[in-house]
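> Sequence:
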Amino acid sequence: MKIIIILLLITLLILSFKVVLAEEKTDDLDDYEIVTIDEKIPGSSFIHFVHFKNKRTGEIIKTIDLIEDNPYNHLPYEIEFYNERGNKVYKNINFDEFFTDKSAFVPDYIKNVNKVEAFTASGVSTETKNYAIVIYDIGTGRGEYSTGGKSSIFIYNSKGDILFKCIDLIGEGGRRCITPDGKYLAYTYGQASEYLTELPMLKESAGVKVYDIGSGEIILDRKPKQGYMLSGVFMRDNAFFIGIEKSSIFRYEIIRLDKKSIYIYEIEKNEMNRLQKLTKDGFQFGIKDLQDKNSYFRSIETDFEVEDF
Numbered sequence: 001m002k003i004i005i006i007l008l009l010i011t012l013l014i015l016s017f018k019v020v021l022a023e024e025k026t027d028d029l030d031d032y033e034i035v036t037i038d039e040k041i042p043g044s045s046f047i048h049f050v051h052f053k054n055k056r057t058g059e060i061i062k063t064i065d066l067i068e069d070n071p072y073n074h075l076p077y078e079i080e081f082y083n084e085r086g087n088k089v090y091k092n093i094n095f096d097e098f099f100t101d102k103s104a105f106v107p108d109y110i111k112n113v114n115k116v117e118a119f120t121a122s123g124v125s126t127e128t129k130n131y132a133i134v135i136y137d138i139g140t141g142r143g144e145y146s147t148g149g150k151s152s153i154f155i156y157n158s159k160g161d162i163l164f165k166c167i168d169l170i171g172e173g174g175r176r177c178i179t180p181d182g183k184y185l186a187y188t189y190g191q192a193s194e195y196l197t198e199l200p201m202l203k204e205s206a207g208v209k210v211y212d213i214g215s216g217e218i219i220l221d222r223k224p225k226q227g228y229m230l231s232g233v234f235m236r237d238n239a240f241f242i243g244i245e246k247s248s249i250f251r252y253e254i255i256r257l258d259k260k261s262i263y264i265y266e267i268e269k270n271e272m273n274r275l276q277k278l279t280k281d282g283f284q285f286g287i288k289d290l291q292d293k294n295s296y297f298r299s300i301e302t303d304f305e306v307e308d309f
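Anchor point for the sequence shown: position 31 equals 31 in our numbering, and the numbering is continuous, going up by one each time.
Source of the hints: derived by calculation from the structure; they are not laboratory data. Since we're looking at a predicted model, the values are computed, not measured. Do not take every clue at face value.
[Stated by the list, open to error] What follows is a set of in silico ranges between Cβ atoms, one per label pair, in the way DEER data are often shown: (1) Glu301 - Tyr77: 23 to 29 angstroms; (2) Asp221 - Ile60: 35 to 41 angstroms; (3) Lys277 - Asp65: 36 to 42 angstroms; (4) Glu307 - Gly58: 48 to 54 angstroms; (5) Asp308 - Thr279: 17 to 23 angstroms; (6) Asp258 - Tyr296: 21 to 27 angstroms; (7) Ile167 - Arg298: 39 to 45 angstroms; (8) Thr36 - Tyr77: 27 to 33 angstroms; (9) Tyr77 - Glu127: 29 to 35 angstroms; (10) Asp281 - Ile79: 49 to 55 angstroms; (11) Glu80 - Ile37: 23 to 29 angstroms.
[Unchecked claim] Derived pair list, reagent style BS3-like, types lysine-lysine, alpha-carbon separation capped at 30 angstroms: (12) Lys246 - Lys280; (13) Lys259 - Lys223; (14) Lys183 - Lys225; (15) Lys159 - Lys53; (16) Lys260 - Lys183; (17) Lys53 - Lys129; (18) Lys280 - Lys209; (19) Lys280 - Lys225; (20) Lys183 - Lys159; (21) Lys129 - Lys209; (22) Lys183 - Lys259; (23) Lys246 - Lys129; (24) Lys223 - Lys260; (25) Lys129 - Lys55; (26) Lys159 - Lys129; (27) Lys223 - Lys165; (28) Lys288 - Lys259; (29) Lys259 - Lys277; (30) Lys159 - Lys62; (31) Lys260 - Lys277; (32) Lys209 - Lys150; (33) Lys62 - Lys259; (34) Lys40 - Lys223; (35) Lys91 - Lys165; (36) Lys183 - Lys280; (37) Lys209 - Lys183.
For every residue, glycine included, the Cβ atom is placed at its ideal position computed from N, Cα and C.
Starting from the given sequences, assemble the full structure and let the hints guide the process.
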């Protein structure tokens, strides 16, 4: 009997020890914080470092140097100069080597010269609590022409753990946002401006991809209809909103991950000027103008087009 009791006590101790270990491994992300450190330059400032800090102990457990850690700042090209933020400007880059997926519509001015400049950039977004999106960009151009770019994205939690990375995405300068729970990323890619949409430099047209951060899989790839221009993507109410334009028409596409559906609404300019509120359940408009206290609501359930994915 004593042996049985002793064995039971040992089992309980082992289980308790495992629970403690599990708790230590799954520390609450709120026990940590993401701190950005600015560096001043004439007339401005920029974020140079990102610290991941333990709130209780004050210990900095990880630091990212946005200049030194930018992979595009270590390419084997001739350096023309360093810009005021410490990033590099390369010269005499072979356009054919840098972009193997260029469009047939690249102007002769670029094709004939075949040498372009490249400009690196670094940034971080900490808009979503407990998560940081670190972005490294390189864009190329020649004279008045912008010939496109590439981006690499790294997502960290507040403990400094890397959750996701995607290297050399086509389309420098895109928009990125993640869900509050850190499970999904939306990213714009391809042509970055109206000019490039009309005169494409790359084969890849503009679009929005949604990634499952845990698996790294693309769960949605959304491109604007022919003739429409992608303006960006943002997060609100735990849903992704895609903005698209065509002349005086504004088109919003709400990606509801909980419903696995896309809700689409097109707004004429007159109605757009009266748009008071965007929510994942629909839009609110003033009857006469933006400040009108009398309003009406367009619901995703009754007034929007719906597509499942």
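> Each hint should be assessed against the structure and marked as holding or not.
Comparing the hints with the structure gives:
A beta carbon spacing of about 54 angstroms between Glu301 and Tyr77 contradicts the range 23 to 29 angstroms that was offered as a hint. Roughly 38 angstroms separates the CB atoms of Asp221 and Ile60, a value that falls within the hinted 35 to 41 angstroms. A beta carbon spacing of about 40 angstroms between Lys277 and Asp65 agrees with the range 36 to 42 angstroms that was offered as a hint. As the Cβ distance of Glu307 to Gly58 is approximately 49 angstroms, the hint placing it in 48 to 54 angstroms holds.
Distance hint for Asp308 and Thr279: a CB-CB separation of about 21 angstroms, consistent with the stated range 17 to 23 angstroms. A hinted range of 21 to 27 angstroms holds for the C-beta pair Asp258 and Tyr296, which are about 25 angstroms apart. Roughly 40 angstroms separates the CB atoms of Ile167 and Arg298, a value that falls within the hinted 39 to 45 angstroms. Between Thr36 and Tyr77 the Cβ separation comes to about 29 angstroms, which falls inside the hinted range of 27 to 33 angstroms.
For Tyr77 and Glu127, the Cβ-Cβ distance of about 33 angstroms falls inside the hinted range of 29 to 35 angstroms, so the restraint holds. As the Cβ distance of Asp281 to Ile79 is approximately 52 angstroms, the hint placing it in 49 to 55 angstroms holds. About 28 angstroms separates the C-beta atoms of Glu80 and Ile37, a value consistent with the hinted range of 23 to 29 angstroms. Straight-line distance between C-alpha atoms of Lys246 and Lys280 comes to about 23 angstroms, which keeps the hinted pair within the 30 angstroms bound.
Under the criterion of a C-alpha separation no larger than 30 angstroms, the hint pairing Lys259 with Lys223 is consistent with the structure, at around 20 angstroms. The hinted pair formed by Lys183 and Lys225 meets the criterion: a straight-line CA distance of about 28 angstroms does not exceed 30 angstroms. A threshold of 30 angstroms between alpha carbons decides the hint, and for Lys159 with Lys53 the separation of about 7 angstroms falls inside it, so the pair holds. Between the alpha carbons of Lys260 and Lys183 the distance comes to roughly 15 angstroms, so the proposed pair stays at or under 30 angstroms and holds.
Our distance criterion of 30 angstroms between C-alpha atoms is met by Lys53 and Lys129, whose separation comes to about 14 angstroms. Restraint check for Lys280 and Lys209: the C-alpha separation of about 19 angstroms stays at or below 30 angstroms, so the hint holds. Among the hinted pairs, Lys280 with Lys225 is consistent with the structure: their alpha-carbon atoms are about 22 angstroms apart, no more than 30 angstroms. Distance restraint check for Lys183 and Lys159: the Cα-Cα separation of roughly 16 angstroms lies within the 30 angstroms cut-off, and the hinted pair is therefore satisfied.
For the suggested pair Lys129 and Lys209, the alpha carbons sit about 22 angstroms apart, so the restraint of at most 30 angstroms is met. Straight-line distance between C-alpha atoms of Lys183 and Lys259 comes to about 15 angstroms, which keeps the hinted pair within the 30 angstroms bound. For the given pair, Lys246 sits about 34 angstroms from Lys129 by alpha-carbon distance, which is inconsistent with the 30 angstroms threshold. A hinted pair counts as satisfied when its Cα atoms are at most 30 angstroms apart, and Lys223 with Lys260 qualifies at roughly 17 angstroms.
Between Lys129 and Lys55, the direct Cα distance comes to roughly 14 angstroms. Compliance with the 30 angstroms bound is thereby established for this hinted pair. For a cut-off of 30 angstroms, the pair hint linking Lys159 to Lys129 stands: about 12 angstroms separates their Cα positions. Proposed proximity of Lys223 and Lys165 is supported: the alpha carbons are some 22 angstroms apart, at most 30 angstroms. The suggested pairing of Lys288 with Lys259 is violated, with an alpha-carbon distance near 33 angstroms, which exceeds 30 angstroms.
A distance of roughly 21 angstroms separates the Cα atoms of Lys259 and Lys277; the hinted pair therefore holds under the 30 angstroms criterion. This hinted pair checks out: Lys159 and Lys62 have alpha carbons roughly 8 angstroms apart, not beyond 30 angstroms. Among the hinted pairs, Lys260 with Lys277 is consistent with the structure: their alpha-carbon atoms are about 23 angstroms apart, no more than 30 angstroms. For the proposed pair Lys209 and Lys150, the alpha carbon gap of about 15 angstroms is at most 30 angstroms, so the pair holds.
A hinted pair counts as satisfied when its Cα atoms are at most 30 angstroms apart, and Lys62 with Lys259 does not qualify at roughly 37 angstroms. The hinted pair formed by Lys40 and Lys223 fails the criterion: a straight-line CA distance of about 39 angstroms is larger than 30 angstroms. Under the criterion of a C-alpha separation no larger than 30 angstroms, the hint pairing Lys91 with Lys165 is consistent with the structure, at around 28 angstroms. Only pairs whose Cα atoms come within 30 angstroms are accepted, and Lys183 paired with Lys280 is accepted, the gap being roughly 18 angstroms.
Restraint check for Lys209 and Lys183: satisfied, since their Cα atoms lie roughly 14 angstroms apart, inside the 30 angstroms limit.
The structure fails to meet hints 1, 23, 28, 33 and 34 from the earlier list, while all remaining hints are met.
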